[in-house]
Amino acid sequence: MISMTPRKDISLYRTFLTPLVAILLTLVIGAAIFDFLGFNPLESLYHFFVAPISRYDGIGDLFVKACPLIITATGLVFCYRANVWNIGAEGQLVLGAIFAGGVALAFPDWPAITLMPAMILASVIGGICWAMIPALLKVRFNTNEILVSLMLTYVAALFIDWLVRGPWRDPMSFGFPLTKMYTDAALIHRIEVPFIGMLGQLHWGVVGALMLSLVGAFLLSRTILGYKVRVMGDAPRAGRFAGFNPNLITIGVMAIAGGAAGLAGMIEVSASMGQLQPNVSFGYGFTAIIVAFLARLNPVGVIFAGLIVALAELGGDNAQIVLGMPKVVTGVFKGILLFMLLAGETYNRYQIEWRRVGPQSALREQ
Amino acid sequence: MEALILTILLTSVPLIFAATGELVAERSGVLNLGVEGMMLMGAVSAFAATSVLGSPYVGVFAGAVAGAVTAVVFALFALGLATNQVATGLALTIFGSGLSGLVGAPFVGRTVDGLPVFAIPFLADIPVLGNLLFKHDIMAYMSVAFLVIVALFLNRTRAGLVLRAVGNNHDSAHALGYPVLLVRFYAVSFGGMMAGLGGAYLPLVLTPHWSEGMTAGRGWIALALVVFASWIPSRILAGALLFGGITIMQLAGQARGWTIPSQMLSMMPYIATILVLVIIARNRRFALINSPACLGRIYMQNK
Amino acid sequence: MNNKYVIAALGALVLGAVYWMVVGEKSSQVAEKASDKVKVGFVYLTTPGDHGWTYAHELGRQQVEKHFGDKVETSYVENVPEGPDAARVIRELAKKGNNIIFTTSFGYMDPTIKVAKEFPDVKFEHISGYKRAENVATGNIRYYEGRYVQGIVAGMMTKSNKVGYLASFPIPEVIQGINAFGLGLRSVNPDAELSIIWVNSWYDPVKEADAAKVHIAEGADILAQHTDSPAMLQAAEKAGIYGFGQASDMKAFAPKAQLFSSVNNWGPHYVNKIQKLLDGSWSTGDGPDHWAGNDWVGMADDYLVLTSFDNMPADVAEAAKKAAADIKSGKNKIFTGPIKDNSGTLRVPAGKTLNDGELFTTLDYYVEGVKGKIPG
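Chains U, E and S supply the protein sequences, listed in that same order.
Numbering-wise (this note's numbering), the first sequence opens with residue 1 and increments by one.
Numbering-wise (this note's numbering), the second sequence opens with residue 1001 and increments by one.
Numbering-wise (this note's numbering), the third sequence opens with residue 2001 and increments by one.
For reference, chain U alone in the conformation it holds in the complex (with noise of 0.2 Å):
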């Protein structure tokens, strides 16, 4: 049977390590799918991992991408590692394109100077007010809020539906459902890099989603916040002793994620749709969590496990242009990817042997 024992200290050289075994393991396997489904094997893969990024224009939407995955699953990381499991995410971005598009509705003819920081600061409350439902509940009445919070996503879906079909619609959009177009000064504009030029569609919130990462992993790892959450989370007794009040720490932890999700859904408006329309969010929140995972609950991680993700979908839009390779193909293999990574993250904390079966075995079946 297999036996599993925690590792005390998980190496440089494993953390590294496990997650290339991980996609080298998922390109075999794709490789594998590829040739089943008769294409070149190699060719997929070029067409699915590098073409996409073989301009420099690539990398610039590889990070447009990945940019609300960044910001929601830095968020997401505070909650996971205190133990609170939000995966409500979605709803939370969804909240915060409300918000900050009714700021950018509503005062049409503010300068970028204040409407922007206005705008900024609407989304993370919109995207907070949500996250605090499942967390004040929690506190209060100690529900799951992994159900809470997965309710409230189809309750934020319908409810921007019905704001950008009904009250909200452009009464010029010839019954369409979407909004007005957000002025200039709401819209987040493309980056110049000097001497380059514009990186494809680089844009300023790719910066603000980085620097996010950033700030979060400073936080976590050197303020006494960052301190009470990995103790909240690794020990609660021992953090209850410290006298750490863990109702706190999840509303703190929740307010983390649902204003960083609240964010990440203003930037992917103003960046990149410029108008609110019935779906803002492409299960941005949901990718976010399996990101926070890759990323093994590292702020630093979720930029790599971002761009990964983001690279699949790229890849995936890529091989069905050059080779007519069809969409769902992409899924298997982002499935796969995700599975894989997983079993890496598994194989990275834990020392794993085979022993001889033994009567209690409860794994025998497997």
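If you are wondering where the hints come from, they were derived from the structure by calculation, not from laboratory data.
Using N, Cα and C, we set each Cβ at its ideal position, and we do this for glycine too.
Don't take each hint at face value.
BS3-like mimics (lysine-lysine), calculated; alpha carbons at most 25 Å apart, straight line [said to hold, decoys possible]:
(1) K2256/S - K1135/E
(2) K2162/S - K2256/S
(3) K2117/S - K2095/S
(4) K2328/S - K2352/S
(5) K2321/S - K2162/S
(6) K2373/S - K180/U
(7) K180/U - K2117/S
(8) K2066/S - K2276/S
(9) K2039/S - K2131/S
(10) K2095/S - K2039/S
(11) K2352/S - K2333/S
(12) K2131/S - K180/U
(13) K2251/S - K2159/S
(14) K2039/S - K2276/S
(15) K2114/S - K180/U
(16) K2373/S - K2162/S
(17) K2276/S - K2071/S
(18) K1135/E - K2238/S
Negatives, chain S to chain U, calculated, CB over 12 Å [claimed, not checked]:
(19) S2187
(20) T2284
(21) S2343
Please arrange chains E and S on chain U, whose structure you already have, making use of the hints.
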């Protein structure tokens, strides 16, 4: 009215299947968010088998097997390798949606003869009730039968007791000598089989063709339903009828010219589910008995 | 702890730099490789497997390949959500050297306009929108023409005088379709009523089936749809009533229930536009007030095709054929007054015919015979 109620009943069947299965898995302490993926695998396999072999009954079987096999993938990772259940479940949904699309591609554009209606002798002749309750396809009866079996199993059998013990406190269950992982493995596989059956109902009865992503979020509703039912099997029936009823009434309301925004109606089941969660959590005794305390927590053997 | 991050960052930097030098430069040249064929790109909202909207476009693409053979090279991207991904995919197609790109859903309108600005040499054609630019044309089909004929057939066939209609979103082309159906219905049957269920989706087979069953439960004996899956017809088949297929021929799904399908025949449209591109005569058409663009075509040019009239008595089929012929010849413009809305107010006076712009901007009501009011 009778026809409307009939529609509500049929719409609820896939939800009953999937939610009953997920309930068993959750009662054993495993949160499998991959219901949508398992349902899709069940749907595509059921349709493919029916299309190739010509019998919808083979399709029912294929759907069940496919759902269970998909769940075993989840079990291998979440139980065998102790990966995080939330992440693994999401991965399973992504994987299942993709794979079902791939498997189903050759079957797009075909149609099959769905499951025939099987009227129960004598009972079907009762006025009104006979039509509503005893003139259905075999899977509709199966869904309720499974629900009853699960209820009896959980509350009246020793094995059910063990399953609940494992879900409530895996450490003590292990100390008592129960094989925690094995129990969970069976529970998850059963959940997968039921999700597969729920998926199979779509192409075999509700709309006899296959199309990518045809479950359109019903797997997630099943997850909500389990919570709404506060992990009590009998309440799944009520919950599924409520969810199905709101879906249908919102459509019927439109046909009759009501003007409530449909989104508001659609929100209600989710808000109701949150309220139920609060009510359960407030009643500590109830929570202690019925909600699996170890839900979603990783169990390591030999730690 | 600190060292770990430093090493990690350095390692990533070195890897990135090496990668940039080795791969980056080389393949950017490969991608620029020009082709002497005309390259045509398509962006699809769902998959061709929807059997409705996207399938019809896919048939059009296949016809393009057949017609031009080696002269063209086509590619498509399916399942592109109407958001930031759309702009990225369209841009990617433009960069891959496509000469003309067809974006086939309303939600691609703003992304198409945005990307078109960046690629002035590439032609774009957006299906079903109203915004145009120097290199962006719009194209659409007069779906409502087929729906008028459906209304006539429904009016003559219904016994309960209740007709059910599944609608997706309250956008102009859908409202036009509902009203045209209503006008056709009332032209032959003053007692018939049309009730609408908004599914709020183009494609959700189970919900469409549910909505169809609700219509049936409410007494409807003829169903029509402006959603994309064959689920409604399958429900009609099972219930033993009749319905109309949408966008592509759905007879295979409901041989006993389908009266006929209004088929969107994109092939000639695409072939025509690509031919014009080859000839150098491609243009975006008339001025900005021309709502549906220069190519809003319908039954007259066989861009909207009605399948054979099945499952109906000969006199009904005869009436349908005549109505279709009148529309084809231009004798019947459909939206010609007097048109009353469903509260009895006269909206279009006798003798006046709504022009294309008015069809887009003034139809904020249901015509007589349609129940309820437009949501939103």
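Taking the hints in turn, this is what the structure says about them:
A C-alpha spacing of about 23 Å is found between K2256/S and K1135/E, which places the hinted pair at or below 25 Å, so the restraint holds. Proximity of K2162/S to K2256/S is assessed by CA-CA distance (about 20 Å); at most 25 Å being required, the pair is judged to hold. In summary, the hint linking K2117/S to K2095/S is supported, as the alpha carbons are separated by about 13 Å, within the 25 Å threshold. At most 25 Å may separate the alpha-carbon atoms for a hinted pair to count; K2328/S and K2352/S meet this at roughly 19 Å.
Distance hint between K2321/S and K2162/S is fulfilled; the C-alpha atoms sit about 23 Å from each other, no more than 25 Å. Pair hint K2373/S plus K180/U holds up; C-alpha atoms about 24 Å apart against a cutoff of 25 Å. Proximity of K180/U to K2117/S is assessed by CA-CA distance (about 20 Å); at most 25 Å being required, the pair is judged to hold. Of the supplied pair hints, the one linking K2066/S and K2276/S holds, its CA atoms being roughly 17 Å apart against a limit of 25 Å.
Pair hint K2039/S plus K2131/S holds up; C-alpha atoms about 24 Å apart against a cutoff of 25 Å. Distance restraint check for K2095/S and K2039/S: the Cα-Cα separation of roughly 11 Å lies within the 25 Å cut-off, and the hinted pair is therefore satisfied. With a C-alpha separation of about 10 Å, the suggested pair K2352/S and K2333/S falls inside the 25 Å cut-off, and the hint holds. At most 25 Å may separate the alpha-carbon atoms for a hinted pair to count; K2131/S and K180/U meet this at roughly 15 Å.
The hinted pair formed by K2251/S and K2159/S meets the criterion: a straight-line CA distance of about 23 Å does not exceed 25 Å. With a C-alpha separation of about 14 Å, the suggested pairing of K2039/S with K2276/S holds against the 25 Å cut-off. Our distance criterion of 25 Å between C-alpha atoms is met by K2114/S and K180/U, whose separation comes to about 16 Å. Our distance criterion of 25 Å between C-alpha atoms is met by K2373/S and K2162/S, whose separation comes to about 17 Å.
This hinted pair checks out: K2276/S and K2071/S have alpha carbons roughly 14 Å apart, not beyond 25 Å. As the CA atoms of K1135/E and K2238/S are separated by approximately 15 Å, the hinted pair is consistent with the 25 Å bound. A cut-off of 12 Å between C-beta atoms confirms that S2187/S is not in contact with chain U; the least separation is 25 Å. For T2284/S, the non-interface assignment is confirmed: its Cβ lies about 19 Å from the closest Cβ of chain U, beyond the 12 Å cut-off.
Against the 12 Å criterion, S2343/S stays outside the reach of chain U, whose nearest CB is about 19 Å from its own CB.
Comparing the model with each earlier hint shows no violations; every hint is respected.
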